[in-house]
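Number of protein chains: 2
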Amino acid sequence: MNNFDYKNPTKIIFGKGEISKIASEIPENSKVLMLYGGGSIKKNGIYEQVISALKDFDCVEFGGIPANPEYSVLMDALAVIKEQKIDFLLAVGGGSVIDGTKFLSSAALFEGDNPWDILDKKIATQKGMPFGTVLTLPATGSEMNSGAVITRKETKQKLVMGGPGLFPVFSILDPSVVASIPERQIANGLADSFTHVLEQYMTYPIEANLQDRFAESIMQTIIEVAPRILKDPSDYKAAANFMWSCTMALNGLIQKGVPTDWAIHMMGHELTALFGIDHARTLAILTGPHYNYNFENKKAKLAQYAERVWNVDGSLEEKAKAGIQKTTEFFNSIGIQTKLSEYTSDFEGTGKEVARRLAERGMNGLGEYGKLAPEDAQKIVESAY
Amino acid sequence: MNNFDYKNPTKIIFGKGEISKIASEIPENSKVLMLYGGGSIKKNGIYEQVISALKDFDCVEFGGIPANPEYSVLMDALAVIKEQKIDFLLAVGGGSVIDGTKFLSSAALFEGDNPWDILDKKIATQKGMPFGTVLTLPATGSEMNSGAVITRKETKQKLVMGGPGLFPVFSILDPSVVASIPERQIANGLADSFTHVLEQYMTYPIEANLQDRFAESIMQTIIEVAPRILKDPSDYKAAANFMWSCTMALNGLIQKGVPTDWAIHMMGHELTALFGIDHARTLAILTGPHYNYNFENKKAKLAQYAERVWNVDGSLEEKAKAGIQKTTEFFNSIGIQTKLSEYTSDFEGTGKEVARRLAERGMNGLGEYGKLAPEDAQKIVESAY
Numbered sequence: 001m002n003n004f005d006y007k008n009p010t011k012i013i014f015g016k017g018e019i020s021k022i023a024s025e026i027p028e029n030s031k032v033l034m035l036y037g038g039g040s041i042k043k044n045g046i047y048e049q050v051i052s053a054l055k056d057f058d059c060v061e062f063g064g065i066p067a068n069p070e071y072s073v074l075m076d077a078l079a080v081i082k083e084q085k086i087d088f089l090l091a092v093g094g095g096s097v098i099d100g101t102k103f104l105s106s107a108a109l110f111e112g113d114n115p116w117d118i119l120d121k122k123i124a125t126q127k128g129m130p131f132g133t134v135l136t137l138p139a140t141g142s143e144m145n146s147g148a149v150i151t152r153k154e155t156k157q158k159l160v161m162g163g164p165g166l167f168p169v170f171s172i173l174d175p176s177v178v179a180s181i182p183e184r185q186i187a188n189g190l191a192d193s194f195t196h197v198l199e200q201y202m203t204y205p206i207e208a209n210l211q212d213r214f215a216e217s218i219m220q221t222i223i224e225v226a227p228r229i230l231k232d233p234s235d236y237k238a239a240a241n242f243m244w245s246c247t248m249a250l251n252g253l254i255q256k257g258v259p260t261d262w263a264i265h266m267m268g269h270e271l272t273a274l275f276g277i278d279h280a281r282t283l284a285i286l287t288g289p290h291y292n293y294n295f296e297n298k299k300a301k302l303a304q305y306a307e308r309v310w311n312v313d314g315s316l317e318e319k320a321k322a323g324i325q326k327t328t329e330f331f332n333s334i335g336i337q338t339k340l341s342e343y344t345s346d347f348e349g350t351g352k353e354v355a356r357r358l359a360e361r362g363m364n365g366l367g368e369y370g371k372l373a374p375e376d377a378q379k380i381v382e383s384a385y
Numbered sequence: 001m002n003n004f005d006y007k008n009p010t011k012i013i014f015g016k017g018e019i020s021k022i023a024s025e026i027p028e029n030s031k032v033l034m035l036y037g038g039g040s041i042k043k044n045g046i047y048e049q050v051i052s053a054l055k056d057f058d059c060v061e062f063g064g065i066p067a068n069p070e071y072s073v074l075m076d077a078l079a080v081i082k083e084q085k086i087d088f089l090l091a092v093g094g095g096s097v098i099d100g101t102k103f104l105s106s107a108a109l110f111e112g113d114n115p116w117d118i119l120d121k122k123i124a125t126q127k128g129m130p131f132g133t134v135l136t137l138p139a140t141g142s143e144m145n146s147g148a149v150i151t152r153k154e155t156k157q158k159l160v161m162g163g164p165g166l167f168p169v170f171s172i173l174d175p176s177v178v179a180s181i182p183e184r185q186i187a188n189g190l191a192d193s194f195t196h197v198l199e200q201y202m203t204y205p206i207e208a209n210l211q212d213r214f215a216e217s218i219m220q221t222i223i224e225v226a227p228r229i230l231k232d233p234s235d236y237k238a239a240a241n242f243m244w245s246c247t248m249a250l251n252g253l254i255q256k257g258v259p260t261d262w263a264i265h266m267m268g269h270e271l272t273a274l275f276g277i278d279h280a281r282t283l284a285i286l287t288g289p290h291y292n293y294n295f296e297n298k299k300a301k302l303a304q305y306a307e308r309v310w311n312v313d314g315s316l317e318e319k320a321k322a323g324i325q326k327t328t329e330f331f332n333s334i335g336i337q338t339k340l341s342e343y344t345s346d347f348e349g350t351g352k353e354v355a356r357r358l359a360e361r362g363m364n365g366l367g368e369y370g371k372l373a374p375e376d377a378q379k380i381v382e383s384a385y
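Keeping their order, the protein sequence lines are chains W and R. Counting in the working numbering, the first sequence runs from 1 upward without gaps. Counting in the working numbering, the second sequence runs from 1 upward without gaps.
Honestly, the hints are just simulated from the structure, not real lab data. Treat each hint with caution, since some may be false.
Taking lysine-lysine pairs in the DSBU-like style, the calculated list, with each CA pair at most 30 angstroms apart, reads [stated by the list, open to error]:
no., chain 1, residue 1, chain 2, residue 2
1, R, K11, W, K7
2, R, K122, W, K21
3, R, K231, W, K256
4, R, K127, R, K21
5, R, K321, R, K371
6, W, K127, R, K31
7, W, K127, R, K127
8, W, K237, R, K7
9, R, K7, W, K11
10, W, K16, R, K321
11, W, K7, R, K127
12, W, K82, W, K21
13, W, K121, R, K21
Computed list of chain W residues with no C-beta within reach of chain R, every gap over 10 angstroms [claimed, not checked]:
no., residue
14, P9
15, L210
16, G276
Over the 12 angstroms line for every Cβ pair with chain W, so calculated as not near, a few chain R residues [unchecked claim]:
no., residue
17, S30
18, E61
19, K85
20, A108
21, R152
22, S180
23, A215
24, H265
25, G276
26, D376
27, K379
Keep in mind it's a predicted model, so treat the numbers as computed, not measured. Beta carbons: idealized from backbone N, C-alpha and C, even for Gly.
Using the sequences provided together with the hints, build the complete structure.
As structure tokens, this is what we get:
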């Protein structure tokens with residue numbers, strides 16, 4: 001096990017009917033900016049619950065934060081924060097709204113001239129404007145971590161940011177929200193959280209037994225509840241397990257002391273930037289090809305995964321191969337296609353373009369060994385057509 | 001899954017050589033009281049490492065905090081805190097030193113006349129004097145939670161305390177310390193952490209799938225590394241898994257959203273108070289009898305545990321019984337005896353005395369159903385002779 005530091009100060013408030021607790025978690029006399037997305041919260045009752053909980057606060061709203069939170073939209077929100085002298089942010093939404101709010105938390109206190117530098121120059125945020133979240137879409141884990149991914153259409157860029165100042169002060173996780181999530185989004189959440197675990201697990205053995213078993217626990221739980229939630233999203237017990245698994249998949253715990261990969265995400269971000277494919281689906285497209293390409297390096301963990309998570313028997317090689325196969329089958333079983341050509345007919349040359357874009361940003365060594373070059377990424381993407 | 005709140009702000013600094021980081025975690029210009037136990041840290045090099053890390057601080061020492069931290073000793077330390085105007089506490093030790101430090105953290109800012117009230121009147125600590133810990137003995141999880149157990153010889157009492165103000169600011173976990181721990185203490189740590197998990201798991205099913213699997217993960221890891229550490233406590237990799245498992249066993253995570261028992265601890269505390277038996281060993285004595293006595297209520301979880309943790313097959317009843325048997329065998333395998341008569345010849349009447357003492361303090365309903373009466377405790381203890 002490698003040395004590590006771990007601190008996660010976010011307060012989680014989990015369960016049915018907990019949204020009303022917002023009021024006691026936001027400092028009195030705060031001027032609140034409530035941020036949300038495309039307006040689904042106005043259809044499923046969450047908007048009313050939040051507004052009612054905020055009735056004693058001076059509150060301004062900003063809706064319309066898109067999936068893959070867009071820099072230009074966030075800059076409009078930043079102008080509102082400055083004009084209205086906002087001092088507390090409340091994200092009501094999924095990963096995109098929360099990630100956008102993290103950018104705003106950082107940008108609101110940023111002392112440089114150009115907030116884009118936070119992303120482009122990879123400036124870690126030590127202190128941001130305090131913010132809370134009401135999670136409406138389990139998937140990204142953003143509700144209990146300090147990272148965010150921001151998109152800029154103008155330059156077709158999708159960049160990561162973060163820092164110890166970007167943990168939510170609190171996050172309210174009410175699994176009843178799952179009942180009103182469209183099937184496509186639920187499937188995305190299942191695939192996204194599952195891949196988050198894989199990125200922190202499918203590397204090489206380092207005798208971090210507990211972290212391995214925790215990662216396997218999350219994947220087993222997601223596999224168990226996936227068919228139940230897809231069949232009936234109002235199955236509260238299944239939804240609660242789904243929601244807590246998504247949070248635990250990316251709140252920092254399982255990555256402590258172990259090598260991590262994240263190459264699937266780095267390549268996947270390019271597919272979203274190029275084609276607008278849902279984030280989770282880009283991960284499902286690339287997981288199998290990435291593991292096949294790096295089979296020798298990853299086969300020990302692939303075999304352990306196949307055995308413990310999928311109850312597969314056989315030689316190390318057989319188990320490792322079955323692990324990849326089972327993963328692809330799992331994505332397909334939740335209705336997620338795993339070939340790029342199933343999403344776009346314009347796929348020719350994508351491998352090369354992804355490689356070019358990674359090289360352009362100096363991402364010349366991805367993966368747990370830091371050795372996956374743009375030409376490797378090209379071959380991986382090409383085998384995903 | 002039940003609704004829950006979860007927040008754990010302790011910063012964990014984990015790994016070889018990390019003790020030197022103390023200096024950057026304590027606020028500048030703090031006046032520090034360093035607390036420790038019987039002096040083993042002066043033999044294994046930890047004392048020197050801590051003193052060297054603290055060289056730029058004004059630091060006072062207080063040694064001699066005994067196992068089962070004793071109220072009267074702590075009152076001497078409290079006098080030092082007041083006289084010397086201490087404003088930061090540093091616990092260097094195991095659960096007893098850390099628990100004692102938590103009492104001092106609370107008592108130092110307590111506004112009442114009699115600090116004993118914190119324990120006797122169960123006053124939750126909202127704000128304590130800030131403190132850090134350097135863990136020298138993995139077992140209790142006290143390094144990442146906000147609870148403590150304090151003993152008062154005078155009245156043969158062992159009482160619990162806690163509150164959101166009692167999380168350590170930081171805890172340094174260097175697994176190399178395990179190399180110098182006597183075998184008896186290592187065995188205690190293994191049994192203690194294992195039983196902590198059981199107390200939060202062996203109740204009734206509530207479809208908290210992830211919490212169940214996390215609990216099983218910790219137990220599986222402890223079972224895996226136990227023989228390696230007992231054979232060679234300088235096996236760093238095994239020690240690291242042991243240490244992290246002990247912390248995760250009682251940092252609050254696995255108890256969220258599930259029923260918990262804790263009857264074994266409540267009865268066990270009485271055996272320590274009456275006979276001075278090591279805390280962990282009282283748990284090992286009572287676990288089997290408690291599960292046999294409450295077999296009907298616990299058999300579903302006992303069977304799940306036997307199947308997943310011990311790979312036992314059979315009917316529900318068979319698996320459940322095997323789960324109890326395997327647990328007893330595990331304690332024995334690490335050198336821990338599981339009969340009260342193996343610890344004292346003076347055991348006659350103990351069941352009745354434990355029942356009397358529980359009743360005296362109004363503990364009339366223990367366990368996950370709150371229905372285990374003193375007369376039940378009597379029978380459980382009697383079947384542990």
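How the hints compare with the structure:
For the given pair, R:K11 sits about 4 angstroms from W:K7 by alpha-carbon distance, which is consistent with the 30 angstroms threshold. Taking the CA atoms of R:K122 and W:K21, the gap is near 26 angstroms; set against the 30 angstroms cutoff, the hint holds. For the given pair, R:K231 sits about 27 angstroms from W:K256 by alpha-carbon distance, which is consistent with the 30 angstroms threshold. A distance of roughly 25 angstroms separates the Cα atoms of R:K127 and R:K21; the hinted pair therefore holds under the 30 angstroms criterion.
Taking the CA atoms of R:K321 and R:K371, the gap is near 22 angstroms; set against the 30 angstroms cutoff, the hint holds. Taking the CA atoms of W:K127 and R:K31, the gap is near 27 angstroms; set against the 30 angstroms cutoff, the hint holds. A threshold of 30 angstroms between alpha carbons decides the hint, and for W:K127 with R:K127 the separation of about 23 angstroms falls inside it, so the pair holds. At roughly 22 angstroms between alpha-carbon atoms, W:K237 and R:K7 fall within 30 angstroms of each other, so this suggested pair holds.
Of the supplied pair hints, the one linking R:K7 and W:K11 holds, its CA atoms being roughly 4 angstroms apart against a limit of 30 angstroms. For the proposed pair W:K16 and R:K321, the alpha carbon gap of about 36 angstroms is over 30 angstroms, so the pair is violated. For the suggested pair W:K7 and R:K127, the alpha carbons sit about 19 angstroms apart, so the restraint of at most 30 angstroms is met. Pair hint W:K82 plus W:K21 holds up; C-alpha atoms about 27 angstroms apart against a cutoff of 30 angstroms.
Only pairs whose Cα atoms come within 30 angstroms are accepted, and W:K121 paired with R:K21 is accepted, the gap being roughly 29 angstroms. In this structure W:P9 is not separated from chain R by more than 10 angstroms, as the shortest Cβ-Cβ distance comes to only about 4 angstroms. Not every Cβ of chain R is farther than 10 angstroms from the Cβ of W:L210; the closest lies at roughly 5 angstroms, contradicting the non-interface assignment. The beta carbon of W:G276 sits about 32 angstroms from the closest Cβ of chain R, which is more than 10 angstroms, so the claim that it is off the interface holds.
The beta carbon of R:S30 is kept farther than 12 angstroms from every beta carbon of chain W, the shortest such distance being approximately 19 angstroms. For R:E61, the requirement that its beta carbon stay farther than 12 angstroms from each beta carbon of chain W is met, with the minimum near 27 angstroms. With a least beta-carbon separation of about 29 angstroms from chain W, R:K85 lies farther than 12 angstroms from that chain, consistent with its non-interface assignment. A cut-off of 12 angstroms between C-beta atoms confirms that R:A108 is not in contact with chain W; the least separation is 23 angstroms.
The beta carbon of R:R152 is kept farther than 12 angstroms from every beta carbon of chain W, the shortest such distance being approximately 34 angstroms. Even its closest Cβ contact with chain W, about 19 angstroms, leaves R:S180 beyond 12 angstroms, as expected for a residue assigned away from the interface. In this structure R:A215 is not separated from chain W by more than 12 angstroms, as the shortest Cβ-Cβ distance comes to only about 9 angstroms. The Cβ of R:H265 sits about 23 angstroms from the closest Cβ of chain W, beyond the 12 angstroms cut-off, so the non-interface label holds.
Under the 12 angstroms C-beta cut-off, the non-interface status given to R:G276 relative to chain W holds; the minimum distance is some 32 angstroms. Distance to chain W confirms R:D376 as a non-interface residue, since its nearest Cβ pair spans about 31 angstroms, more than 12 angstroms. Every CB of chain W lies more than 12 angstroms from the CB of R:K379, the least distance being 35 angstroms, so the non-interface label holds.
Consistency note: the structure conflicts with the earlier hints numbered 10, 14, 15 and 23.
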